[in-house]
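Enquirer: The numbering of the sequence shown is the numbering used here, which starts it at 45 and goes up by one.
Mixed in with the good hints, there may be bad ones.
Here are the computed lysine to aspartate or glutamate pairs in the EDC-like style, where the Cα-Cα straight-line distance is at most 20 Å [what the hints assert, rightly or not]:
hint : residue 1 : residue 2
1    : 231       : 220
2    : 649       : 228
3    : 157       : 209
4    : 408       : 294
5    : 632       : 559
6    : 157       : 198
7    : 632       : 555
8    : 51        : 88
9    : 188       : 216
10   : 319       : 294
11   : 395       : 292
12   : 71        : 87
13   : 188       : 277
14   : 51        : 123
15   : 547       : 559
16   : 461       : 533
17   : 652       : 269
18   : 427       : 103
19   : 586       : 348
20   : 231       : 241
21   : 448       : 303
22   : 421       : 495
23   : 534       : 635
Simulated restraints, written as ranges between beta carbons of each label pair [said to hold, decoys possible]:
hint : residue 1 : residue 2 : range
24   : 228       : 49        : 56 to 66 Å
25   : 597       : 475       : 53 to 63 Å
26   : 194       : 119       : 36 to 46 Å
27   : 653       : 108       : 52 to 62 Å
28   : 223       : 580       : 52 to 62 Å
29   : 428       : 479       : 13 to 23 Å
In short, the hints are calculated from the structure, not lab data.
Even for Gly, the Cβ is constructed at its ideal location relative to N, Cα and C.
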Amino acid sequence: MVSASYKILTRFLETHTNNPALNLLNKSLKKKLSLPSAQKQIDEILPVYQTSIQNIEKDFLTSNYDDALIEWYHLLFQEMESHITLTGRDSRHKFVIIIPVADRPQHLRNCLKSLLNLCQSFQYGGFQDHKFNKVSVIIADDSKHSNSILDNREISHYFNVHGLETLYFGQDEQLEQIAQLTNEKRKSLSGVLGSFDRSAFYHKGPSLMRNIVYLKLNEMSKQEESLLFYFVDSDQEFRARVHSDNGDKDIYAINYFYELDRAFSSNDISVLTGKVVGDPPVSPSVMTGTFLDDVIAFLLQMAESGAGHSCLFHQATRRNANEAAYHDMANLFGFTPTSNTYRYNCTLDGKHENCHCFVDFSSKLNQFFYGEHPTRKSYFSHKVDIHTTTPARTVYTGNYIFNKNGLSHFIPFASLKLRMAGPVLGRLIRSELEDQFVSANLPMLHNRTVEKTGRSEFRPGIEKQADNIDLSGEFERQFFGDVMLFTIEKLAEAGYPIQMPAKAVIVQTLDTTEENILRQYTEKRTEIVGKLEQLKTIFSNKDSWWNQSKAMEPAAENFNLFINNIENNFGKNSRCYALINSTAHRKKRNDDILNAILQYREDRKSWKSALAARE
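Go ahead and model the full structure; you've got the sequences and the hints to work with.
Expert: Have a look at this one:
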């Protein structure tokens, strides 16, 4: 008689008799379970679970991620984990999830809710004494506002109660870690850890925040060997967005911890990075042109088909997920820019007409300024094997994992508060780590905005006053982040930082790179202004049906707000371009970048010394 403890596996194999491979597994399983003390056969039966799980992964694509198949997936993992727990010899990695957050309690809550759901769905490491055995969380709070700090503390308590061991790492805890360094060490690490002004110890930026947390992780690594440190952004979730025949679905179809443990256990890896699906990981500053292309195409199709036509926007364009189609300057990153437009994927259910879709689309236009790209989202697919890794060159700082050896690679140039910190880190560590730095098809869901407001709770460098959205702060950090990235890329190709070039070579490389990036930004601005004029002409046509109905006035207002904000940020009075066209401002930024590049090797020495001194 078959043991009830294997009932899920047995039932799965018996109900999938059309698969010859599973039929053979079923016969093998029955033979093993007929032996005495079947519970002791778990080591032999584990491969049966693993093969069954891999068969489900193959079927995901052809089944459009069928809900019933996902349920089987979860149940098989849960039952397998229960057996591993019963053996009492689970030596797999423990995971510490670190979430830097600044005044985003709703994002944080959503992120942790998804983590809890993930743990419940797959049961990695088992659940005992009211908590998950191998998963814990650090909330690294960089908030300024007292209500956000209070919310984040309460969120920490809530998820502690519900099974996620959660440590709140606030300003006091951060300063306590820094206080363990000598005055000399603190001074030498100002470029890595920033200043330590208790009166303004907030909004330090995610790079400085991560480096400060590294001090805590270094302390933890001395106490336990099997830890993996997993950094995620607060506006991400532990699930994936897939595109099916029935529309977009956000599902728990990746057992992140199980896959990551396998990767680190089977390979000599120090740092692994995933990516994101859903909203792009870049600033609206560098994807305005692609979005304007799609908005223009949307209006042209709307004008041609008419208001009363049955909605035409329920067949989303399928594209290669790796083509960076959202990026205006994809060529900078080695991708071939696409000339195709992307069709909006209408989010309305039920039978409706174009006019209803027009209103739906208009409501999402201004979410673009907070980082959404309503027409060019990316999706997860099992077409790329989740069990394999490939050499990496970019760290996605919202989705990267490392062991204790990875602690030596802090986020570089953190005090400059530039964007593109992850790609810069990737270029620097690639030559040093070689095959120990990899990427895997383990993306997280990226949601730039919260559903209730359609905005990000807090986003540095984006200011809103009335209906005006000013991107200049983020735009400036993006521009000089690109300058830093491609300067470092050229220097790294020549052996930096192990081989230090002459200062004159660094200066020449920086100047040439800045000149090239400025030229490309200027060319894209010209293209954007041309596209904006085209959009205004099409939209303002008095004969267009959306301009002939009072019912469409709210949607028309959304379009006008969008057009005005594009004009403000990219037109002739743009603060964004005033900043990067200012010779004095560029000189200051370039001087800071140059000094940081020259100082990096000393920063590395000071950092390694600081970590060693805390043993």
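Enquirer: The structure should be examined with respect to each hint, and the outcome stated for every one.
Expert: Results of checking the hints against the structure:
| no. | hint | in the structure |
| --- | --- | --- |
| 1 | 231 to 220 | 16 Å, holds |
| 2 | 649 to 228 | 13 Å, holds |
| 3 | 157 to 209 | 13 Å, holds |
| 4 | 408 to 294 | 19 Å, holds |
| 5 | 632 to 559 | 15 Å, holds |
| 6 | 157 to 198 | 14 Å, holds |
| 7 | 632 to 555 | 13 Å, holds |
| 8 | 51 to 88 | 16 Å, holds |
| 9 | 188 to 216 | 13 Å, holds |
| 10 | 319 to 294 | 16 Å, holds |
| 11 | 395 to 292 | 18 Å, holds |
| 12 | 71 to 87 | 17 Å, holds |
| 13 | 188 to 277 | 18 Å, holds |
| 14 | 51 to 123 | 9 Å, holds |
| 15 | 547 to 559 | 18 Å, holds |
| 16 | 461 to 533 | 19 Å, holds |
| 17 | 652 to 269 | 19 Å, holds |
| 18 | 427 to 103 | 11 Å, holds |
| 19 | 586 to 348 | 15 Å, holds |
| 20 | 231 to 241 | 13 Å, holds |
| 21 | 448 to 303 | 19 Å, holds |
| 22 | 421 to 495 | 16 Å, holds |
| 23 | 534 to 635 | 18 Å, holds |
| 24 | 228 to 49: 56 to 66 Å | 59 Å, holds |
| 25 | 597 to 475: 53 to 63 Å | 58 Å, holds |
| 26 | 194 to 119: 36 to 46 Å | 39 Å, holds |
| 27 | 653 to 108: 52 to 62 Å | 54 Å, holds |
| 28 | 223 to 580: 52 to 62 Å | 57 Å, holds |
| 29 | 428 to 479: 13 to 23 Å | 19 Å, holds |
Of the hints listed earlier, there is not a single one the structure fails to meet.
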